[in-house]
Amino acid sequence: MTQNILVVAEQAEGTFRKVTFEALSAGLRLAGQMGGEVQAVVMGNDIEAAASELGRYGAEKIWLADDGALSDFTTEAYTDALAQVVTHSQPAVVLMGATTQGKDLAARLSARLNAALGSDVMGLHVDNGQVLATRPMYGGKILADVALVGSPVIVSLRPNTQVITEKQGTGALEKVTVTVSGTGVQVVDKQFESGKVELTEAASVVTGGWGMGGSDYSVVEALAETLGAAVGASRSAVDEGWRSAADQVGQTGKTVSPNLYVACGVSGAIQHLAGMSSSKVIVAINKDPEAPIIAKADYAIVGDLFEVVPALTEEIRKIKG
Amino acid sequence: MEILVLLKQVPSTEALIEVADDGVSIKTEGLRFVINPYDELAVEEALRIREAQGGTVTIVSVGPAKAAEAIRTGLAMGADKGILVNPGDLNCDGLAVAKILAAAIKPLSYDLIIAGHRAVDDDNFQTATAVAELLGIANVSMVIKQELLDGKIRCQCTVEGGTKTVDAPLPALIAAQRGLNKPRFTSMSGIMKAKKKPLETKSLADVGIDIDGLQPLVQVKALRLPEERSGGRIIEGDSVQAKVSELARLLREEAKVI
Ligand SMILES: Cc1cc2nc3c(=O)[nH]c(=O)nc-3n(C[C@H](O)[C@H](O)[C@H](O)COP(=O)(O)OP(=O)(O)OC[C@H]3O[C@@H](n4cnc5c(N)ncnc54)[C@H](O)[C@@H]3O)c2cc1C
Ligand SMILES: Nc1ncnc2c1ncn2[C@@H]1O[C@H](COP(=O)(O)O)[C@@H](O)[C@H]1O
Chain R
1 MTQNILVVAE
11 QAEGTFRKVT
21 FEALSAGLRL
31 AGQMGGEVQA
41 VVMGNDIEAA
51 ASELGRYGAE
61 KIWLADDGAL
71 SDFTTEAYTD
81 ALAQVVTHSQ
91 PAVVLMGATT
101 QGKDLAARLS
111 ARLNAALGSD
121 VMGLHVDNGQ
131 VLATRPMYGG
141 KILADVALVG
151 SPVIVSLRPN
161 TQVITEKQGT
171 GALEKVTVTV
181 SGTGVQVVDK
191 QFESGKVELT
201 EAASVVTGGW
211 GMGGSDYSVV
221 EALAETLGAA
231 VGASRSAVDE
241 GWRSAADQVG
251 QTGKTVSPNL
261 YVACGVSGAI
271 QHLAGMSSSK
281 VIVAINKDPE
291 APIIAKADYA
301 IVGDLFEVVP
311 ALTEEIRKIK
321 G
Chain C
1001 MEILVLLKQV
1011 PSTEALIEVA
1021 DDGVSIKTEG
1031 LRFVINPYDE
1041 LAVEEALRIR
1051 EAQGGTVTIV
1061 SVGPAKAAEA
1071 IRTGLAMGAD
1081 KGILVNPGDL
1091 NCDGLAVAKI
1101 LAAAIKPLSY
1111 DLIIAGHRAV
1121 DDDNFQTATA
1131 VAELLGIANV
1141 SMVIKQELLD
1151 GKIRCQCTVE
1161 GGTKTVDAPL
1171 PALIAAQRGL
1181 NKPRFTSMSG
1191 IMKAKKKPLE
1201 TKSLADVGID
1211 IDGLQPLVQV
1221 KALRLPEERS
1231 GGRIIEGDSV
1241 QAKVSELARL
1251 LREEAKVI
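The listed protein sequences derive, respectively, from chains R and C. Residue numbers for the first sequence follow my numbering, so the first one is 1 and each next one is one higher. Residue numbers for the second sequence follow my numbering, so the first one is 1001 and each next one is one higher.
Just so you know, these hints were derived from the structure itself, not from any lab. Honestly, I wouldn't trust all of these hints.
[Said to hold, decoys possible] Some chain C residues well away from chain R (every beta-carbon gap over 10 Å; in silico): (1) 1050; (2) 1066; (3) 1081; (4) 1133; (5) 1189; (6) 1210.
[To be verified] Derived lysine-lysine pairs resembling BS3-like cross-links, with alpha carbons at most 25 Å apart: (7) 320(R) to 1196(C); (8) 318(R) to 1256(C); (9) 1196(C) to 1066(C).
Think of the CB as a built atom: it goes at the ideal place given N, C-alpha and C, for glycine as much as any other residue.
Model the full assembly from the supplied sequences, consistent with the hints where possible.
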C-alpha cells in the first residue's frame, strides 16, 4: 500500500472534464499532506494522445487502460478496469469527479473493493493519517464531516469546489492490460445537445422559475449566453413541462455551486435553496420583495423579470464589450 | 415479471433539518417522513410494468420499525408485499445498507430491481449501484424511460449534456431519475387494501448477515448547518436601467464574477 492518490480522469468527447483537473489539484494538496504522489488513470479506447495533458496538473504517472471494451462508459466494464488498476497501483485514495458516471463508478467500486466512499465531497484533508471529507446531506441543508476508514478510500468530488493549480508532474505514461468482463450492458445511442453548458460544471447558472409563465425561455437564454452560463429551472417549471427534468436545480434535481447564480422568477422554496445555496454569488430577480430567495441573495432586483433580465443582458454585453 | 423495489423512508423535503444535541445525528422530533421521492418513482414504474405484463411487486427496505409506514404507503399505491429489514441499533453507512439489502434479496427470485438514484437524506448515490455489484448483476442509473425487450431492458438515461440509451441483460437493477413517470396518489381503497397485504419484518440474523462485516467505513464526526448567507441586499434605483447598471457594476467590481 502506497500513500499515493489515484485520480480517475473523465473524458467527454475526447477532452477531459474540468472536474478532472479539479480532482488532480485536490489530489496534489492531499498528496502533500500524506507524503505520496498524484497519479492518474485514463480508461477508454485510443486515448493515449490526450492522456499526457494530465502531467500538467501534477500527475507523476498516468496509467492507461486502453481497451475496445472501454470505448463507451458502462459502469461494470469501467469498474472491472479501475479495480485492476487500483490493485496494481495500490493507492491510498481514489479520487474522481462526482459526475453522473463518476458517482456510479465510485459506488460500484466501493462494493467491489469493500472500501469507504465519500460521495459529492466539497472539502478534503488528512489529519493524523485519517482522510476526512466534508459532504452535503439532505440536499445541502446539512454539511457532514466524515472520516473515511480503511485503505484505499474512494472519494467523488463535487464539480466547482476545488481550485485548479497547474504544477508540472513527470506524467509518465504506463499501459496496463486489463481484463474486462462486465455484465453485458451495451450503449445503443447517445444524444447530446451541442454547445450546451453542463449545469453542474458551469461557472455561472441562470435559472428561470414559474415566473417565466411559459416555455419561452429566450430572455433567460440570452442572459445565459452572454455570461457563458448554463440554464436551470425550478421544479415548478419542470412540472409544467417548460424545461426538461435534467435542468432542475434543487434537492430532487441537481446541486450546483457556480460562481454566479441568477434566479429569475424563482420564489426560493426550501428544496430549491438546498440545491443552490452553495453558489458563491446569488442574484435574485423577482417582482415580490417578500420572496424567500431575496433574503438569500447577495444582490436582488425587485421587478418584472421580462423588463429586468433583457436590460441586464444588454448592460453586461456592453461591459464585456 | 418479478420486480423488487428498493425503498427508503426519509424526512420530507420541505422539512427544516436541525442537528441533534449529539452533534452527529439530526433531530427527528416533529419531522414528517415520506417515501424517498426517487423511490416513489421506482414503485410507480414497477406497478406500470406489472399492470402491463403481470407479476408481483415486492418492496424491500432497510430501516427502523417506523419505516414500515413508507412500505405501507407503497403497498397502498399497489405493491403486493413488503420486506423490512431492521438493523436495530447498528449505525449503517451506504455500503452496509447495500450489504443488508443484497443479503435479503439473494434468496428471492427476481427479474428486475428498481431503486431510486439517490436517497435525499444521506445523498450517498451509492446504495442501489452497490446492491447490483454485490448481486453480480447489471445496473443502469439515472433512468428516465425504460422498455422491456426480450431478455433485456432498454433504458434512456440522463448524462451530462444529454441522454444515452443502453441495453442491460435481465436480471438488472435500474435507478430512477426524475422524468421517469408521475407517481400515482394513494386512494382510500388502496390504503384499506394495504393493511391486509403481507409485510414481513426481519432482523439481520434472519437475513443471515453477520454484524462484523457491517461496521461503517464512513463515520460521521460532526453534522453542521452550512454558513448562513447574509443576503437580502436589494438594489435600488429610479429605473430598471439604473438598477441593472448598478447590479452589473457590483457583479464586476465587488463580486468579481463577470
Ligand atoms: C418532494 C418535493 C421535492 C421538490 N424538489 C424541488 C427541487 O428539487 N427543486 C425545486 O426548484 N423545487 C422543488 N420542489 C418544489 C418547491 O417546493 C416549489 O414548489 C418550487 O421550487 C417553486 O418553484 P418556483 O419558485 O419556480 O415557483 P413559485 O414558488 O410559484 O414562484 C414563482 C416566483 O416568481 C415570481 N414571479 C412571477 N412572475 C414574475 C415576473 N414576471 N417577474 C419576476 N418575478 C416573477 C413570483 O413572485 C414568485 O416568487 C419540490 C417539492 C416537493 C414536494
Ligand atoms: N435503507 C434503504 N432501504 C432500501 N433501499 C435503500 C436504502 N437506502 C438506499 N436505498 C436505495 O438506494 C437508492 C440510493 O440511495 P443512496 O445511495 O442512499 O443515495 C435509494 O433511492 C433507494 O432505492
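Evaluated hints:
Every C-beta of chain R lies more than 10 Å from that of residue 1050(C), the closest at about 24 Å, which supports listing it as non-interface. Once the 10 Å rule is applied to beta carbons, residue 1066(C) is consistent with being away from chain R; the minimum gap is 18 Å. Taking the minimum C-beta to C-beta distance to chain R, about 26 Å, the non-interface status of residue 1081(C) holds against the 10 Å cut. Chain R draws residue 1133(C) into its interface by the beta-carbon criterion, the shortest separation being 4 Å against a cut-off of 10 Å.
Here residue 1189(C) stays apart from chain R, with its beta-carbon at least about 27 Å from theirs, past the 10 Å limit. The claim that residue 1210(C) is not at the interface with chain R holds, since no C-beta of that chain comes within 10 Å of its own (minimum 14 Å). A threshold of 25 Å between alpha carbons decides the hint, and for residue 320(R) with residue 1196(C) the separation of about 67 Å lies outside it, so the pair is violated. Between the alpha carbons of residue 318(R) and residue 1256(C) the distance comes to roughly 16 Å, so the proposed pair stays at or under 25 Å and holds.
Using a Cα cut-off of 25 Å, the hinted pair residue 1196(C) and residue 1066(C) holds, with the two alpha carbons roughly 18 Å apart.
In summary, the structure is inconsistent with hints 4 and 7 from the numbered list given earlier, while agreeing with the others.
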